[in-house]
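Participant: Residue strings, one per chain:
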Amino acid sequence: MKRKEKEKRINMKKRFRLVLSLLVLCLLFSLTGCGKSESTTTNKTLLVGTNAEFPPFEYINNDGVEDGFDIALIKAIGKEMGYDVTIKNMEFKSLIASITTGGLDASIAGMTITEDRKQSVDFSDAYYTATQYIIVPIDSSITNLADLNGKDIAVQEGTTGDFLATPADDNDVITDSTTNVKRFKKGTDAVLELKNGGVDAVVIDANPAQAFVKANKESLKYIVEDTSTEEYAIAVKQGNTALLADLNEGLARVKANGTFDQLVATYINGTSTTDATTSTNPFVKFVDKLDRVFVQTNGYIRLLNGLGITISISLLAVLLGVVLGFVLALMKLSEIIVGKKTILSRIANIYIDIIRGTPSMVQLLIMYMVVFHNRFGFVAAVLTFGLNSSAYVAEIIRAGILAVDNGQMEGGRSLGFSYNETMRYIVMPQAIKNILPALGNEFITLIKETAIVGYIAIQDLTKASDFIISRTYEAFYPLIAIAIIYYILIKILTKLLNLFERRLRKGDIH
Amino acid sequence: MIYINNLHKHFGDLEVLKGIDAHITPGECVVVIGPSGSGKSTLLRCLNRLEEPNEGSIVIDGIDLMEKNTDINLMRRDVGMVFQQFNLFPHLTILENITLAPIKHKIMSKDEAQKIAMDLLTRVGVADKADNYPAQLSGGQKQRVAIARSLALNPHVMLFDEPTSALDPEMVGEVLDVMKKLAEGGMTMVVVTHEMGFAKEVADRVIFMDDGMIVEEGTPEEVFTSPKNERTQNFLRKVLN
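Line order of the protein sequences matches chains A and B.
For what it's worth, the numbering used here labels the leading residue of the first sequence as -7, then goes sequentially.
For what it's worth, the numbering used here labels the leading residue of the second sequence as 9, then goes sequentially.
These aren't lab readings, by the way, just hints derived from the structure by calculation.
The beta carbon of each residue, even a glycine, is placed where N, CA and C say it ideally should be.
A hint or two may mislead.
What the hints assert, rightly or not - Partner residues are not named here, just some residues of chain A that face chain B (Cβ under 7 Å, in silico):
1. Gly74
2. Gly349
3. Ala383
4. Glu387
5. Gly403
6. Ser406
7. Ile418
8. Met420
9. Gln422
Claimed, not checked - Below, computed lysine-lysine pairings styled on DSS-like, alpha-carbon distance capped at 30 Å:
10. B:Lys26 <-> A:Lys332
11. A:Lys425 <-> B:Lys112
12. B:Lys236 <-> B:Lys188
13. A:Lys332 <-> A:Lys281
14. A:Lys425 <-> B:Lys26
15. A:Lys425 <-> B:Lys114
16. A:Lys332 <-> B:Lys208
Please model the entire structure based on the sequences and the hints provided.
Facilitator: In structure tokens, the structure reads:
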């Protein structure tokens, strides 16, 4: 195994990710809609989506890369059939939509074949058969699925467990409409909810259930619910028979040559999660926990990388926001120069109105899924927050300019300066003193707002804590850690801003 | 030098100037007086088109200000303006306030502009404040700097819009002194003011405006000692007693 070489390559990849993203940002202006910028090697390319929150089938490993049984399997199939496989990590429920829109070639995500899903995608031959387990507290009286009627149940949104637990679905064991189903983005969060006493049970696939219970064996147990048998398969776009045939052929070959059994042994039967410490000394326990949460998982590296990405997105977005915001402000100010509403000021008003009237979360999802077809997540995030910020920056700049006394304009004009010259030499330098502190605040606000980029699978600071939680089943330490990092970051920026503001005001006694 | 013909200006329905005719000759110091709202400031601001007249014509040095092809920015360099609120640029030093226009207009080099600015500051008596910012000066000093700033472009005409109205009483004198010296030096000046003493002493001609019209004009003696119009008499009685 050329493992070292592989690691090196991954590290280089990480290092160049930011540079690449910047390049992509530049490239963006020459791209339209869904740019088909795949490289053309002799191998065919295969963009495969997954949701790396479903161990041991798919998860983010300690190097920060997608890993797991499914990932290894699709790579093995790709190798067999001559495909360059690229893995794309996203929300589980977005996978099918991305396949139908062509954003993905296929998905492998522990996805069960169902009649509903067959309406939208075609499935390969099943590569794995799984059953649903119920996880309950160790002292629970629940013994089967029917016992869950009227109880509180946590599930991973869009999974078979979700369908099984939701009373409205057909042929259900659970029919009581008072049954409360809490849907989480991740299986880990569902299990954490159970651990914290928020629900009575979790319905989830067998293998992750075994992994979760193993990590929490002092408090949880699982019940085998054998009423439903599920088959996992690879999904492709409907009618893509060529790819489907290749995948089935590849699967057959991998099974025939023994690779498949090896993967089962490595990933599924050998599933290991770090056990909790047994020491009773509270200090040793604490240090041990910190070590387990932040060091053993390489969590601190994830946090640092996440912090870098959070800062990059915020900084690039605020720069974009300032440029666009300045243009918007001038468009709005045109109505003051002309003395009545202009086409430009109307456009600017409508734009600002729409941006300020919709949640940035929705804007982010539209930008990523609709505009970019689930590609270029970093660029989509920068653009979303840049566009979002521009609406607020426009108002900041406009107010900053209007706050400069009109006498300054008259003073400049009376000396023979044109309107533009007066703006440039006299009004703007004064307006900037009003604008800059407010812009700094906008930057600070933006940093906090970017915490939602995890929704489009960008590994920012908040998402880094998700990673640690999903690997350690500990929510307290990672969440407190990122809260402290955000707080320190914003505190430093605020201090710098105050210092800067004081320097601006120097010699400016009113 | 300045010919004003049938000048009208209204703000919405309010007619502020109702047909002004006037002629100002080179080297003349004309003081415009009248009650508030009489239109005297508006008339002055029309002379460099800070206000856009609705009708009539203004010709300065043979150039029609209302003509479409007239470069108003170039025109304004020849018509200095001093404001009631000084309108110094707070982000620039006193010296920079004065040199900004000559340098940016490329009329002179930076060194030249600074030399001339220092001469002007010496003339108005604030040379020691050259490197200070406007906020560090008294009102009287600010207004003298504002006058120097206008003079730096070597204008043919100076317009003064109530230059002492925003000043504390003890500072009025120093500004009027500068203006008086300027008039004695032969500068063509149009001054809107409430300082009747200045009008009596310095003006070549006094114009009394009321209700958007020129009611009476003449030498200071004629207007102040034997005003013909009843409205002039009323106004003078109020301001002089």
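Participant: Does each hint fit the structure? Answer for all of them.
Facilitator: Here is how each hint holds up against the structure:
no.	hint	in the structure
1	Gly74	violated, 67 Å
2	Gly349	violated, 35 Å
3	Ala383	violated, 28 Å
4	Glu387	violated, 23 Å
5	Gly403	holds, 3 Å
6	Ser406	holds, 4 Å
7	Ile418	holds, 5 Å
8	Met420	violated, 10 Å
9	Gln422	holds, 5 Å
10	B:Lys26 <-> A:Lys332	holds, 26 Å
11	A:Lys425 <-> B:Lys112	holds, 22 Å
12	B:Lys236 <-> B:Lys188	holds, 27 Å
13	A:Lys332 <-> A:Lys281	violated, 65 Å
14	A:Lys425 <-> B:Lys26	violated, 43 Å
15	A:Lys425 <-> B:Lys114	holds, 28 Å
16	A:Lys332 <-> B:Lys208	violated, 45 Å
Comparing the model with each numbered hint stated earlier shows that hints 1, 2, 3, 4, 8, 13, 14 and 16 do not hold.
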